[in-house]
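Protein chains: 2
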Amino acid sequence: MSKILVLGGDGFCGWPTSLYLSSQGHQVEIVDNLSRRKIDVELGVDSLTPIQAVDKRLAAWKEVSGKTIGFHNLTVGEDYDRLLQLIQSFEPDAIVHFAEQRAAPYSMKSAQHKRYTVSNNLNATNDVCAAIVESGRDIHLVHLGTMGVYGYGTSGMKIPEGYLEVTIEQDGKTSKSEILYPANPGSIYHMTKTQDALFFHFYNKNDKLRITDLHQGIVWGTQTDETALDDRLINRFDYDGDYGTVLNRFLMQSAVNYPLTVHGTGGQTRAFIHIKDTCRCVELAIKNAPAHGERVMIMNQMTETHRVNDLAKMIADLTGTEIAYLPNPRNEAAENELHVMNDNFLALGLNPTRLAEGLVSEITEIAEKYATRCDMSRIRSYPTGQPLRKRMRSQNSSELPELAGVAGCC
Amino acid sequence: MSKILVLGGDGFCGWPTSLYLSSQGHQVEIVDNLSRRKIDVELGVDSLTPIQAVDKRLAAWKEVSGKTIGFHNLTVGEDYDRLLQLIQSFEPDAIVHFAEQRAAPYSMKSAQHKRYTVSNNLNATNDVCAAIVESGRDIHLVHLGTMGVYGYGTSGMKIPEGYLEVTIEQDGKTSKSEILYPANPGSIYHMTKTQDALFFHFYNKNDKLRITDLHQGIVWGTQTDETALDDRLINRFDYDGDYGTVLNRFLMQSAVNYPLTVHGTGGQTRAFIHIKDTCRCVELAIKNAPAHGERVMIMNQMTETHRVNDLAKMIADLTGTEIAYLPNPRNEAAENELHVMNDNFLALGLNPTRLAEGLVSEITEIAEKYATRCDMSRIRSYPTGQPLRKRMRSQNSSELPELAGVAGCC
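As given, the protein sequences belong to chains A and B, one line each in that order.
For the first sequence, position 64 matches number 783 in the working numbering, and the numbering has no gaps at all.
For the second sequence, position 262 matches number 981 in the working numbering, and the numbering has no gaps at all.
Hints were generated in silico from the structure; no laboratory data involved.
You may find that some hints are simply not true.
Repeated chains share a single entry, so a pair holds when one copy, or any two copies, can fit it.
To be verified - Simulated pairs of lysine to any residue, SDA-like, Cα-Cα distance not exceeding 20 Å:
1. 1006 x 784
2. 877 x 988
3. 877 x 894
4. 786 x 1039
5. 895 x 883
Taking the hints into account, I'd like the entire structure generated from these sequences.
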C-alpha cells in the first residue's frame, strides 16, 4: 500500500484513477482547483453524464467503499507553499500529475487560451518538481503525457517508448547516441507536453528525481468498476468541440441521429486506451518505479490503434448510423500508419479492454441513456430544419455544416 | 531602416544593442520592466559601473545622438494586452527578445527562483509569439538564446548551428532526419532556453512565424562605441556570484588584489563574444531574416573559445595577479573540448573583437577605474584579515574561502 497524491484528481482521468487506487488499498489524497468544471462554465457546456460535486462524490465513495479520500482545493503552479506543506504533511510515496489543461482545440482558441495553457501546464509541472526537491523526500512522480508529442506522421516508423537511438556522422567520425524522441507537437497543448519532457529530463539529471512519463493515447470509455458502483460516482463524458474526442463525437452523433462526420478520408490512425486501462497503467507505473539514479522512464500508454474511418464504421455497424465525409480542417497527411511500441505495459501484465468489447456498453449505457441531456446546439442543427439524414442524401457531403467537434482532442 | 522593438532593452545586452541599432538609423523602442535592476536590489548588489536610471540614459542618448528611443515599462509575459497594443501601434519590422532572466546561478538559488525563472521566461516567449500571431503582422522575431542549451561535454563533436543530421535504423530500415540538436541543459535557466526552442519550432510550423534564435556564448566587455560616448550611457558590469561571468570575476579579483580563483584544472572550454559583437550580430540577424516559410534560423553567436585556465593566465600575465586552484563545484568533466560552428555570422561579414585586443581596456577602463565602487563583501575577505596573497602562499589552495562568483554565469 502506498500513499498517493493525485493532482487533478477531479478530472476525467484523475477521478476514476483516484477511486481505483483507493479501491486497491492505497491511501489517496486529491488536489484539484476544479478548473475543468470552470472551463465547462466558460464554454457553456456540461458533461453528458450528470457528474456530482466533489464533496458529494467523495461522500458517496466513503459510503460505498468505506474508504476516505482527502481533498485539497489548490492550484498547482500557483499555490506553491500549500503544495509543499501538503507534501510535507501527507508524505506521499508517489505523486500522480494530471493537473494540466488537456484539450488541444481549447489551447488553440485564442491568444488568451494559449497563454492559459502554457502558464498553467508549465508552472504546474515545474512547481511539482521543485516542491519534491525542496521537500527532500524520495517521491516517485508519475506524469500523464500524450502520444501527441511525437506528432502524427512518422513515416512508417515504430514509435519507441521515449528514446531513440541515432547515429551521428561528422568529419568522418561516427558516433551513436540515445536521445529523447524528437518532438513535433501539433498544438499549444501538445507543445507544453514536449516542454514537460525537458523539465523531467532536467530534474532527473540534476536532482535525481524518479519520474515516469506516460505517453497516453486517446482515452475512451466513461465508467470503471468503481465509478459504476453508484450513480453519484459517475465519470464525466465530454462531447463538445474542445474536450470531446473523436470517439465521443461519433457516439453522440449516433445517439442523436446525426451522421458520423469523418474528416478527409478518415485514414488517419490514432492510438486508443480505455479509461479502465488508464487507471491500471497508473498503478502499474507506481508499482514499477524507476530505480534511484535511473533516467526518466517513458512508456506508451495505449492498447490499440484504429483508423478514424474504421472507428466510424464500427459504430455505424452497431447503430445503423450513416457516415458523412467532410474536408479535413487539420493540416496533416490524409493517411498515416501508426506503429506504437507498448511492450513495457504488456510486460508488466496489462490485459487491455478492447474497443470491440466495450463499445456497446458505451453506446447503450452512456450515449443513449443520457441522450436527453445532450445540448443539441453543440451538434448544430441543419439550417433547413429538415431531418438530418434525409437532407444528407441529397447534399454534397462537403456542404455538411461543421460540427463543433471538428478538431477532436488529444 | 527598420522599426525595431527591443524587449529587455534596459539590460546588459539590451541597452547597448538598443543604442547600436538606433545609431545605425533604425527606429527603436524599448520595453522593459526593470526586473534586472530590481534583482540587484533583492541581492543587495549593484553594477560596478554607475549605470543611470532609464530616463536619464534615454535623455543622454537624445542629447548625444539627436535620436529618440521610446520606452515602455511593462512586463512581457504578464501585460499581454499592452504588448499587443504596442505592436499594433508601433508596427515593428522586428522584435528583439532579451526579456528573460539570464543567470544560471540565480535560477538555481531556491524553489522560488526556479519558479520565477520558469514563469518569467516561458510566459514571456509565449506572449511575444502569441501577440505577433494575433497582430496579424509580418514581424521577424530575433531571440537571444544561449550556447548552454547544448550542455557542456559534447565528446569532441563540432556544435552545429541548431540542427543535427542523424541516421535512424529500425527493423532493418535506415532513414536520415534533420532534428533540433538534442538539448542537455545544466540549470533551470538553460532549461527554459531549451523550452523556448520548442515554442519557436511550434509557432514557426503552425503560424509561419519568421524566427531567428541566437545561441550566444559568454558575453564579455562592458562598453560599446555608443555607451562610451557619455558617462550617463555606461553599460552595467556585474561581478556578483549570480550575474558575474567568469571573466568579470577574474577582472575584479585582479583589481582588488585577490588571487584569480580557477575551479578544478580550469580545463573547461567556454565560448565568448564581445558585447560590441552581440550588437552587430543582432543587426546582422535582423537584416538577414529567414524567408517566409523557412524553418527557424539558428546561429551560434560567439567568436572564440578559451579554456578557463588560459583566461586566468591571460589576466595574470597582464596584471601580475596570482592564480589559485579550487575544487570544482560544478558537476562536469574536468577538461572538455569545444568546437563551435559560427560560419553563418562570419559569412554575413562579422569581424570579431578578440579577447587579446579588448582585455586591457576592460582592466584599466572598467575594473580598475571603478574598483573603489566594488563591494568587497562580494569578494569575501579571508577570515584572519591578513593580506590575501600573503596568506595564500602558506595555505592549501583548496582551503581558499569560496568567492561569491563560484558558479559563473553564461
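Each hint, compared with the structure:
1. In the homo-oligomer, the alpha carbons of residue 1006 and residue 784 never lie at most 20 Å apart, since the shortest distance is 22 Å inside one protomer and 68 Å across protomers.
2. In this assembly of identical chains, residue 877 and residue 988 lie within 20 Å of each other by CA distance solely inside one copy; the values are 13 Å within and 39 Å between copies.
3. Proximity of residue 877 and residue 894 under a CA criterion of 20 Å is satisfied inter-copy only: 12 Å between copies versus 22 Å inside one chain copy.
4. Proximity of residue 786 and residue 1039 under a CA criterion of 20 Å is satisfied in neither setting, with 43 Å inside one chain copy and 74 Å between copies.
5. Proximity of residue 895 and residue 883 under a CA criterion of 20 Å is satisfied in both settings, with 10 Å inside one chain copy and 13 Å between copies.
Hint check: violations occur at hints 1, 4; the rest are consistent with the structure.
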